[in-house]
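Undergrad: So the chains spell out like this:
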Amino acid sequence: MTALGANWRKGRALFVHAFASMTEYRAEIVIWMISGSLPLVMMAMWIGLAADGPVGGYGAADFAAYFLVVFLVRQLTVVWVIWELDREIRLGELSPKLLRPIDPLWGHVADNLAEKAVRLPLVLVPVVAGLWWAGARLPLTFESLAGFGLLVMGAWVIKFFQQYATGLLTFWTDQAVGLERVWFSVSMVLSGALAPLDLFPEAVRGVLPYTPFPYLVDVPVQALLGRLGGAELLQAFAVQGAWGLAFVVGSRWMWRHGIRRYGAVGA
Amino acid sequence: MRWRPRASLGDVIRVDGLRKVYRVHEKEAGLRGSIRAFVDRRYRDVVAVDDVTFGVAPGEVVGFLGPNGAGKTTTLKVLSGLLHPSGGTVRVAGFEPRRREGAFLRGITLVMGQKQQLSWDLAAVDSFLVNQAVYEIPDAVYRERLGELTEMLSLDGLLRKQVRKLSLGERMKCELAAALLHRPDVLFLDEPTIGLDVTMQQQVRRFVADYNARHGATVVLTSHYMADVTALARRILVIDHGRLVFDGDLSALVEARAPEKRLRLSLSERVDRADLAALGRVHAAEGLEIELGVPRADVARVAAAALARLPVVDVAIEDVPVEDIVADLFAQGRAARAADAVRAAHEAGAAAGGRG
Ligand SMILES: Nc1ncnc2c1ncn2[C@@H]1O[C@H](COP(=O)(O)OP(=O)(O)OP(=O)(O)O)[C@@H](O)[C@H]1O
Ligand SMILES: [Mg+2]
Numbered sequence: 018m019t020a021l022g023a024n025w026r027k028g029r030a031l032f033v034h035a036f037a038s039m040t041e042y043r044a045e046i047v048i049w050m051i052s053g054s055l056p057l058v059m060m061a062m063w064i065g066l067a068a069d070g071p072v073g074g075y076g077a078a079d080f081a082a083y084f085l086v087v088f089l090v091r092q093l094t095v096v097w098v099i100w101e102l103d104r105e106i107r108l109g110e111l112s113p114k115l116l117r118p119i120d121p122l123w124g125h126v127a128d129n130l131a132e133k134a135v136r137l138p139l140v141l142v143p144v145v146a147g148l149w150w151a152g153a154r155l156p157l158t159f160e161s162l163a164g165f166g167l168l169v170m171g172a173w174v175i176k177f178f179q180q181y182a183t184g185l186l187t188f189w190t191d192q193a194v195g196l197e198r199v200w201f202s203v204s205m206v207l208s209g210a211l212a213p214l215d216l217f218p219e220a221v222r223g224v225l226p227y228t229p230f231p232y233l234v235d236v237p238v239q240a241l242l243g244r245l246g247g248a249e250l251l252q253a254f255a256v257q258g259a260w261g262l263a264f265v266v267g268s269r270w271m272w273r274h275g276i277r278r279y280g281a282v283g284a
Numbered sequence: 004m005r006w007r008p009r010a011s012l013g014d015v016i017r018v019d020g021l022r023k024v025y026r027v028h029e030k031e032a033g034l035r036g037s038i039r040a041f042v043d044r045r046y047r048d049v050v051a052v053d054d055v056t057f058g059v060a061p062g063e064v065v066g067f068l069g070p071n072g073a074g075k076t077t078t079l080k081v082l083s084g085l086l087h088p089s090g091g092t093v094r095v096a097g098f099e100p101r102r103r104e105g106a107f108l109r110g111i112t113l114v115m116g117q118k119q120q121l122s123w124d125l126a127a128v129d130s131f132l133v134n135q136a137v138y139e140i141p142d143a144v145y146r147e148r149l150g151e152l153t154e155m156l157s158l159d160g161l162l163r164k165q166v167r168k169l170s171l172g173e174r175m176k177c178e179l180a181a182a183l184l185h186r187p188d189v190l191f192l193d194e195p196t197i198g199l200d201v202t203m204q205q206q207v208r209r210f211v212a213d214y215n216a217r218h219g220a221t222v223v224l225t226s227h228y229m230a231d232v233t234a235l236a237r238r239i240l241v242i243d244h245g246r247l248v249f250d251g252d253l254s255a256l257v258e259a260r261a262p263e264k265r266l267r268l269s270l271s272e273r274v275d276r277a278d279l280a281a282l283g284r285v286h287a288a289e290g291l292e293i294e295l296g297v298p299r300a301d302v303a304r305v306a307a308a309a310l311a312r313l314p315v316v317d318v319a320i321e322d323v324p325v326e327d328i329v330a331d332l333f334a335q336g337r338a339a340r341a342a343d344a345v346r347a348a349h350e351a352g353a354a355a356g357g358r359g
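Protein chains in written order, with the working numbering: chain C, 18 to 284; chain R, 4 to 359.
Looking at chain C on its own, in the form it has when it is part of the complex (with noise of 0.2 Å):
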């Protein structure tokens, strides 16, 4: 067996193991699919405003299909691995994971990437739907696809690593659930979740671009709605890539480091 084989059937058995625990949790999934509604109230809010003229270039129409995408986007990069590390290392929980000769962020990757299989039907057809109804049409050109594609999963990189690392952080403190929340506050207004970075004040979009933030959700809906031309586009891979490695990197050193500070409580 070669080591890609190996690699393979690890992933695939590990992403399969998750499927079928996700499979269980269908319900679940769906109660948390509503829970993050937040752009979908916004976008009714957005509509009422832009009743009497459009604010600020955005008619109703582009508010709700600005909205709808930010609505799919959080929906496919939504991650909540804090929570599983924050239990995991508080309660001993992570020791038959470390007995493992393989590193436990797979387990994890394998389980949100599952999440995911789950729920993108389930999402797919109110977004489509309400598209539809909205009467937003999208270019859906190869470029505008493929660049939403690419920027979606430099998106989840980005939140999953800066979750894991800040999860992480259990090994030396139990408030790194509080230390999360506010990042996600943050985040909510940067990210363009609660309204698009184009009607931010023009001091705030001159930073923004340099921080992590526009490229959760605000740069993959523009893309998907056609409103980035190839440079910008180029330029979004390479800030969202930088990043995301410095997630990636950052997390893994503070594994390295954390772990050995773990007491492997229980039993």
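Derived by calculation from the structure, the hints in this document are not laboratory data.
Source: prediction; values computed, not measured.
Where is the CB? At the ideal position from N, CA and C, for every residue including glycine.
Each hint should be verified, as a subset may be incorrect.
Stated by the list, open to error - Below, in silico cross-link-like pairs of lysine-lysine (BS3-like), each with a Cα-Cα straight-line distance of 30 Å or less:
{"no.": "1", "chain 1": "C", "residue 1": "133", "chain 2": "R", "residue 2": "168"}
{"no.": "2", "chain 1": "C", "residue 1": "27", "chain 2": "R", "residue 2": "30"}
{"no.": "3", "chain 1": "C", "residue 1": "114", "chain 2": "R", "residue 2": "264"}
{"no.": "4", "chain 1": "C", "residue 1": "133", "chain 2": "R", "residue 2": "164"}
{"no.": "5", "chain 1": "C", "residue 1": "114", "chain 2": "C", "residue 2": "27"}
As the list claims (entries may be wrong) - Which residues of chain R face chain C? A few of them, derived with a C-beta cut under 8 Å, are:
{"no.": "6", "residue": "85"}
{"no.": "7", "residue": "112"}
{"no.": "8", "residue": "294"}
{"no.": "9", "residue": "298"}
Position chain R with the ligands relative to chain C; hints supplied.
TA: This is chain R with the ligands only, laid out in the frame that chain C set:
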């Protein structure tokens, strides 16, 4: 007390001066305690394992005994790489466990008597298949091993049931199977029979003995059920308050700690207590059932004397139960520590008195 030589070169497990200190965060109870802990965190060091040295030869089965909190589980967690030692060196099959290298992890297993690696929402086989891939076990080998484990542990009908619907004992057997699919050479078993009924305990014991015999695996096990230890391990390590207080053959422990044998007599009528005391130490005398403690060397003579002088209906000569010996060992440790504490308090008091 007879000590084995320190770790020798051929040993698969070598532990030298192992020390593990936990840093625990002290918090007083109640809201005030919480608030105080928030502004001023206090830590205390708990020495769980202190300067422990031993070696285990390949294929050996070693029983780890000690009262609650002695440091047994901590030692096993260090040996399996879950905990980084605070001091000393540890080698298992030539590896430093804390590095958790793939080749090391593929050669060991740790079973603890609680919720472990099986996913509760799925059937045990679903988790087995993950292990098959993770440990890179070829299909044919996997099928053969699963067959063997199914037979040895009577797993028929359990593997396809949702794990959360299994009974404690059934789950424990599935956990054991999951932990051994990769056929490790070194087994760390932490109270593998806890909570199981007598039949299931025997089955697990027999399984461990079989596994050891078939595959020549090295086994280190802890248990509070003395039967686990006496049935499986010829050699025992006794740990108390983090320190190794005995390392040697079980029989040597019995001889060293129990120079007596028990002479059990059933009498047909009551006799004078003085007549009994003349024969040996009266351990118990309930009605007509008498238990005497007699030095090993004198057993035959005393038994003969008893038969000659007393109205004996039945006689039996037994070893002191291992439980009693070990309990005695722990009690001695406690007494010694208590004496130390009293002496220390005394000295502190004297010093304070001298100053005042
Ligand atoms: N993660 C931890 N953090 C702090 N202290 C711990 C931790 N784990 C164990 N201890 C302490 O270390 C000591 C040894 O514990 P350990 O679990 O090794 O004992 P044990 O011999 O396995 O006992 P038992 O027979 O009750 O299982 C105890 O005083 C315990 O309170
Ligand atoms: Mg224990």
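Undergrad: Hints numbered earlier in the text: which of these fail when held up against the supplied structure?
TA: 2, 3, 8 and 9
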